[in-house]
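In this note's numbering, the protein residues as written are 637 to 872.
The set of hints was computed from the structure by calculation and includes no laboratory data. Treat the hints with caution; some may be incorrect.
Listed next, the in silico DMTMM-like pairs over lysine to aspartate or glutamate satisfying Cα-Cα at most 20 Å (straight line) [said to hold, decoys possible]:
(1) Lys-700 x Glu-770
(2) Lys-675 x Glu-777
(3) Lys-700 x Asp-776
(4) Lys-752 x Glu-770
(5) Lys-752 x Glu-862
(6) Lys-869 x Glu-777
(7) Lys-784 x Glu-684
(8) Lys-830 x Asp-776
(9) Lys-784 x Asp-730
(10) Lys-830 x Glu-710
(11) Lys-752 x Asp-776
(12) Lys-752 x Asp-801
(13) Lys-869 x Asp-801
(14) Lys-762 x Glu-710
(15) Lys-752 x Glu-847
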Amino acid sequence: MTRKPARPPRESARRADGVEARARLISAALRLFAASGFKGASTRAICEAASVNIASIRYYFGDKSGLYRAAFSEPLCGATGEVSQDLAHGGCFDPGAILSRSTLAVFFRRFLAPLKQGEELQHVIKLHFREMVEPTGAWDEAIDKEIKPEHATLARMICVDFGLDRIDLDVHRLCFSIIGMAIHFFVGQHIVSKIAPGVLANPGAIDTLTERLAVYATGMIDAERERRRIAVKAAR
637 MTRKPARPPR ESARRADGVE ARARLISAAL RLFAASGFKG ASTRAICEAA
687 SVNIASIRYY FGDKSGLYRA AFSEPLCGAT GEVSQDLAHG GCFDPGAILS
737 RSTLAVFFRR FLAPLKQGEE LQHVIKLHFR EMVEPTGAWD EAIDKEIKPE
787 HATLARMICV DFGLDRIDLD VHRLCFSIIG MAIHFFVGQH IVSKIAPGVL
837 ANPGAIDTLT ERLAVYATGM IDAERERRRI AVKAAR
């Protein structure tokens, strides 16, 4: 009996295999870069941990630096799929959004979505701390491409709400304070869990946190608005 030639794998199957291989590479790279740094983690060890061949790095990321940047930023994409593929949660504000409690709630929900990813987030935090002491330029790139635009969007919304024609230092202070509340739950996750484990205990607890942060941020904005009103009145 003559055997029929095997059919080539369908395009969808090849695409799925490629997505899976790429994801394994990022996961392995994140663990090893976090543990050993950019120089200490070899591409061979990463590929072995990911069960892919060494050529996969060039195919998916161009080179080791491209893989490092993907491992540095992509795991911060929210589990919900809402968050953009950017380090600083570049999709936390919708285009054309105006300042409101609901807008701030969306911001915090998207920003804190990675907290639902569990152990992987610990590797992300470790890698980000390592980048500070062993810089490769990933932070500078992230600041220019993602963090600055996010900050600028919030500052712009505050200026419009306050009726200001420019961003001043107090607007910057307010933006850093608002975003800083969310950042604290990343870098201080271990501390929070030790003091009040229920705050980050499960996805529902994190959702409650995002709603509360929107309330706190609204209070900060209202307080700054009132401070400005009093200052203007006193200057008359």
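Each hint, compared with the structure:
1. Lys-700 x Glu-770: Cα-Cα ~16 Å, so holds.
2. Lys-675 x Glu-777: At roughly 19 Å apart (the allowed maximum being 20 Å), Glu-777 and Lys-675 satisfy the hint.
3. Lys-700 x Asp-776: Cα-Cα ~18 Å, so holds.
4. Lys-752 x Glu-770: With a Cα-Cα distance of about 28 Å, the restraint between Lys-752 and Glu-770 is violated, given a limit of 20 Å.
5. Lys-752 x Glu-862: violated, 36 Å
6. Lys-869 x Glu-777: violated, 43 Å
7. Lys-784 x Glu-684: With Cα atoms ~37 Å apart, Lys-784 and Glu-684 exceed 20 Å; violated.
8. Lys-830 x Asp-776: violated, 32 Å
9. Lys-784 x Asp-730: Answer holds: Lys-784 to Asp-730 is near 16 Å, not above 20 Å.
10. Lys-830 x Glu-710: violated, 28 Å
11. Lys-752 x Asp-776: The given pair, whose Cα atoms are some 26 Å apart, is violated under the 20 Å limit.
12. Lys-752 x Asp-801: Roughly 39 Å separates the two Cα atoms, so the pair is violated.
13. Lys-869 x Asp-801: holds, 19 Å
14. Lys-762 x Glu-710: holds, 15 Å
15. Lys-752 x Glu-847: holds, 15 Å
In this structure, the hints that do not hold are numbers 4, 5, 6, 7, 8, 10, 11 and 12, in rising order.
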